[in-house]
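Protein chains: 2
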Amino acid sequence: MGANSSAELTPSVALDHPGVPELFAVLAYGEISAFYRLVEEAQLSPSLRGKVAVAKMAAAEMNHFKTVERALSDRGVDVFDAMAPYVRALDAYHASTSPSTWLESMVKFYVGDGIAADFYREIAGALAPEIAGVVRDVLADTGHSEFVVEEVRSAVLANRQEKDRLMLWGRRLLGEAITQAQYVMAQRDDLTELMITAAGALGDIVALFDRMQDSHAQRMELLGLV
Amino acid sequence: MGANSSAELTPSVALDHPGVPELFAVLAYGEISAFYRLVEEAQLSPSLRGKVAVAKMAAAEMNHFKTVERALSDRGVDVFDAMAPYVRALDAYHASTSPSTWLESMVKFYVGDGIAADFYREIAGALAPEIAGVVRDVLADTGHSEFVVEEVRSAVLANRQEKDRLMLWGRRLLGEAITQAQYVMAQRDDLTELMITAAGALGDIVALFDRMQDSHAQRMELLGLV
Numbered sequence: 001m002g003a004n005s006s007a008e009l010t011p012s013v014a015l016d017h018p019g020v021p022e023l024f025a026v027l028a029y030g031e032i033s034a035f036y037r038l039v040e041e042a043q044l045s046p047s048l049r050g051k052v053a054v055a056k057m058a059a060a061e062m063n064h065f066k067t068v069e070r071a072l073s074d075r076g077v078d079v080f081d082a083m084a085p086y087v088r089a090l091d092a093y094h095a096s097t098s099p100s101t102w103l104e105s106m107v108k109f110y111v112g113d114g115i116a117a118d119f120y121r122e123i124a125g126a127l128a129p130e131i132a133g134v135v136r137d138v139l140a141d142t143g144h145s146e147f148v149v150e151e152v153r154s155a156v157l158a159n160r161q162e163k164d165r166l167m168l169w170g171r172r173l174l175g176e177a178i179t180q181a182q183y184v185m186a187q188r189d190d191l192t193e194l195m196i197t198a199a200g201a202l203g204d205i206v207a208l209f210d211r212m213q214d215s216h217a218q219r220m221e222l223l224g225l226v
Numbered sequence: 001m002g003a004n005s006s007a008e009l010t011p012s013v014a015l016d017h018p019g020v021p022e023l024f025a026v027l028a029y030g031e032i033s034a035f036y037r038l039v040e041e042a043q044l045s046p047s048l049r050g051k052v053a054v055a056k057m058a059a060a061e062m063n064h065f066k067t068v069e070r071a072l073s074d075r076g077v078d079v080f081d082a083m084a085p086y087v088r089a090l091d092a093y094h095a096s097t098s099p100s101t102w103l104e105s106m107v108k109f110y111v112g113d114g115i116a117a118d119f120y121r122e123i124a125g126a127l128a129p130e131i132a133g134v135v136r137d138v139l140a141d142t143g144h145s146e147f148v149v150e151e152v153r154s155a156v157l158a159n160r161q162e163k164d165r166l167m168l169w170g171r172r173l174l175g176e177a178i179t180q181a182q183y184v185m186a187q188r189d190d191l192t193e194l195m196i197t198a199a200g201a202l203g204d205i206v207a208l209f210d211r212m213q214d215s216h217a218q219r220m221e222l223l224g225l226v
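Respectively, the protein sequence lines represent chains A and B.
Just so we're aligned, residue 1 is where the first sequence starts under full-length UniProt numbering, counting upward by one.
Just so we're aligned, residue 1 is where the second sequence starts under full-length UniProt numbering, counting upward by one.
Hints are computed from structural coordinates only; laboratory data are not their basis.
Cβ atoms here follow ideal geometry from the backbone N, Cα and C, with glycine treated the same way.
Mixed in with the good hints, there may be bad ones.
[What the hints assert, rightly or not] Chain B side only, calculated, beta carbon under 7 Å to chain A, not exhaustive:
1) Val39
2) Arg49
3) Ala55
When you get a sec, could you build the whole thing from the sequences and use the hints?
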């Protein structure tokens, strides 16, 4: 939906905007922190099957990391220096949404991934094509989190209390993601400027967050959490 | 070395040997357990650089896992059913070689990986080409553990006591690997038969372990542990 509504825009963020390496750095650390969190949270899985599914998702994150790492080094930027300012805010998101059950953990894989992807895809609509290409490559849906849908659906069909709990959990994930996203954007002036330019070109920032909320609601429905 | 000395052999383990799915299953669970252990042990890294290097190694393990998973499903074998008998023995290797420092952890990545690769490469020399191909793909050196060499070399040059400790650690890794390899081989009759046939074709099992010990010594030397 976001992609369609912004497809015909003239890119408003140029290839040499100083916020571009910052955006790539956020994406890069996002992949690393997701990798380590996924693996840690997979320990909650009661089965080897779940652990393998998560390990595949985590490996896909690392392949995406290599894409941004290359995009940064093509611009003469060291990925580690660039990521440093974002470590704390992204770690804070994961720390504030630490699942206590395997079901919570699966909902987080699916819903958290989706929220981040929506956000970056919206932004990509206002970026110069070469930058948007990197962003879209990094977000390419690997389909690895699809295993979550069936497992969560059948668990919540069988248990009303679990369903109520997971509905609250989903709402919390969205809230924390938006809070932390705003915090991340404010870390560096160049990044803030890029985001404001991009969001302005997309209509306005309030409408952007409304669309993200709609997509989130659709994902929750798919999980049977409605 | 092993690869050269066995290159002209007629394969003695046929394509339809019943131990072949067992061998693939050991390789498969080896990748999964290495993945989870690498990531857990990476927590010892004092730097993000180290964590990223390990995450890349771990992601490479998962890509290899997918190769064996496919080879098994081509034979109508479910990878999870096939791996089950080997979970305990492979977990035992990792539990018995749990590093307590980042240096120990790096030596384990490098040396442990090397020992396993030597062993499977030796065996591959006696397998039908289609099977040997799968084994060699899975072991393909991704070069990701090379970062270890410089870090360990400079650490042990600067600290004699650390060097002595790590030399003992290396010896322990080899011992535990051989112990657990023998235990793994004994889990299933078909696998034992395959290993005996392969080792017999390669000369004898004692010579095979001697060659592995030589390669191990060369790796230790490269790390400055001599």
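How the hints compare with the structure:
1. Val39: holds, 5 Å
2. Arg49: holds, 6 Å
3. Ala55: Nearest chain A Cβ about 5 Å off; hint holds.
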